[in-house]
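Numbering (our numbering), first residue to last: 49 to 449.
Hints listed in this document are in silico derivations from the structure and should not be mistaken for laboratory results. Careful: at least some of the hints might be erroneous.
What the hints assert, rightly or not - Derived lysine-lysine pairs resembling BS3-like cross-links, with alpha carbons at most 27 Å apart:
| # | residue 1 | residue 2 |
| --- | --- | --- |
| 1 | K118 | K311 |
| 2 | K311 | K284 |
| 3 | K278 | K240 |
| 4 | K118 | K240 |
| 5 | K252 | K118 |
| 6 | K311 | K204 |
| 7 | K240 | K252 |
To be verified - The calculated label-pair distances, taken between Cβ atoms and stated as ranges, are:
| # | residue 1 | residue 2 | range |
| --- | --- | --- | --- |
| 8 | W287 | V188 | 39 to 49 Å |
| 9 | Y364 | E209 | 24 to 34 Å |
| 10 | N281 | C81 | 22 to 32 Å |
| 11 | L72 | R220 | 24 to 34 Å |
| 12 | L297 | I143 | 26 to 36 Å |
We put the CB at the ideal spot given by N, CA and C, even for glycine.
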Amino acid sequence: MKKFKVNLLLLIIIAIILGIVAGLFFPTWLTRCFATFNSLFSNFLNFTIPLIIAGFVAPAIADIGKGAGKMLVLTLFLAYAATILAGFFSYLTSISFFPTFLTDSRTSLQETTEVLLNPYFTIPMPPVFDIMTSLILAFVVGIGLTATDKGGNYLKSILNEFREIMSWVIGRIIVPLLPFYIFGIFLTLTVKGEIGPVLSTFYKVIIIIFAMHIIWLLILFIIGALFSRKEKNPFKLLWTMMPAYFTALGTQSSAATIPVTLKQTIRLGVSEDVASFTVPLCATIDLSGSALKIVACSLAIMITGGMTYDLSLFSYFIAMTGITLVAAPGVPGGAIMAALGLLTSILGFTDADCALMIALYIAMDSFGTACNVTGDGALALIVDRYFGKSAERETIGLQGK
């Protein structure tokens with residue numbers, strides 16, 4: 049999965065290029081063949097998304113709740129707060145720039161939600177339950193497992209096996225077929241003559257989101273410097289975490305970057321005990337970079353598509369996204385796959401909107417992961433402020449014995 053994830057961006061780029069080129073000469077009947085595939089794939093996505101959410105969120109909550117302590121509670125609060133604040137930072141920044149930068153694209157893209165040509169046939173695949181039912185079920189089961197041990201081990205093993213099944217579905221079915229899905233979307237965009245505005249939107253959004261990532265990291269480390277017991281210069285702290293940042297750019301995986309992130313976090317002055325606890329945990333639950341990307345990309349698509357939006361709508365979307373993304377990072381393409389359910393149920397995205405969202409997200413996947421792991425160092429500084437000294441004293445006491 050790790051090897052495939054590293055190559056996913058390249059496959060998506062190739063699919064976009066081939067889709068644009070093919071759209072210049074493909075006959076209508078062949079385009080409709082890909083429209084048929086996209087229709088079937090989209091229905092399958094709609095069927096699996098509630099299962100993905102339930103399959104990952106429920107066991108994730110159960111795992112987090114196990115052995116809960118003060119350090120765990122603080123780390124969870126900081127990670128969720130960072131994810132939520134990153135989402136609002138992204139929304140407020142995007143709403144300040146996107147309406148101006150994307151004005152030229154707005155009128156041309158109002159019809160992009162209808163770019164899918166009529167398929168030859170389609171097969172209905174109604175989901176077992178809707179998105180909100182899936183989330184509520186996951187919360188009830190996950191929290192219930194942490195509150196009682198009666199039958200917990202048996203049910204937990206079932207949930208873990210179900211999570212493995214959904215992980216296999218994503219890694220072996222959905223992700224490998226994504227390039228073909230993106231190819232079909234950009235093929236039909238080109239046939240309909242809408243590809244120019246789409247590409248214009250892409251590069252503008254990517255530049256702004258990259259700038260937001262840098263500013264967000266500076267904000268995190270300014271806050272981290274206030275809590276640091278040693279270094280107070282946020283720029284030096286951020287520079288210390290750069291090896292983790294560039295490692296994540298290459299691996300596109302928070303989990304694969306943990307050894308480097310751990311090493312650099314200790315170099316920040318964080319005690320080894322606190323770093324060893326917070327870094328692996330935050331690799332799973334700190335999704336500030338991912339939330340920033342999802343909010344900005346979704347708002348860009350809504351603006352260019354002429355959709356209605358406001359702060360209250362995105363407040364609800366950001367809050368639910370922060371919870372839903374908890375279980376997603378370890379799965380290739382998991383973050384955007386989990387978010388698709390919220391995009392459709394809360395923001396009203398169509399299949400074409402979701403396809404553009406996937407392409408935009410994956411185009412910046414490595415930068416979002418790098419932002420996630422680098423920000424973990426700032427969160428560790430805050431946790432170390434309250435638990436580092438006691439942890440060091442306990443270590444010294446054990447060494448003395």
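Against the structure, the hints come out as follows:
{"no.": "1", "hint": "K118 x K311", "in the structure": "holds, 24 Å"}
{"no.": "2", "hint": "K311 x K284", "in the structure": "holds, 16 Å"}
{"no.": "3", "hint": "K278 x K240", "in the structure": "violated, 59 Å"}
{"no.": "4", "hint": "K118 x K240", "in the structure": "violated, 56 Å"}
{"no.": "5", "hint": "K252 x K118", "in the structure": "violated, 43 Å"}
{"no.": "6", "hint": "K311 x K204", "in the structure": "violated, 33 Å"}
{"no.": "7", "hint": "K240 x K252", "in the structure": "holds, 22 Å"}
{"no.": "8", "hint": "W287 x V188: 39 to 49 Å", "in the structure": "holds, 45 Å"}
{"no.": "9", "hint": "Y364 x E209: 24 to 34 Å", "in the structure": "holds, 32 Å"}
{"no.": "10", "hint": "N281 x C81: 22 to 32 Å", "in the structure": "violated, 59 Å"}
{"no.": "11", "hint": "L72 x R220: 24 to 34 Å", "in the structure": "holds, 33 Å"}
{"no.": "12", "hint": "L297 x I143: 26 to 36 Å", "in the structure": "holds, 28 Å"}
When the structure is compared with the earlier hints, violations turn up for hints 3, 4, 5, 6, 10 and for no others.
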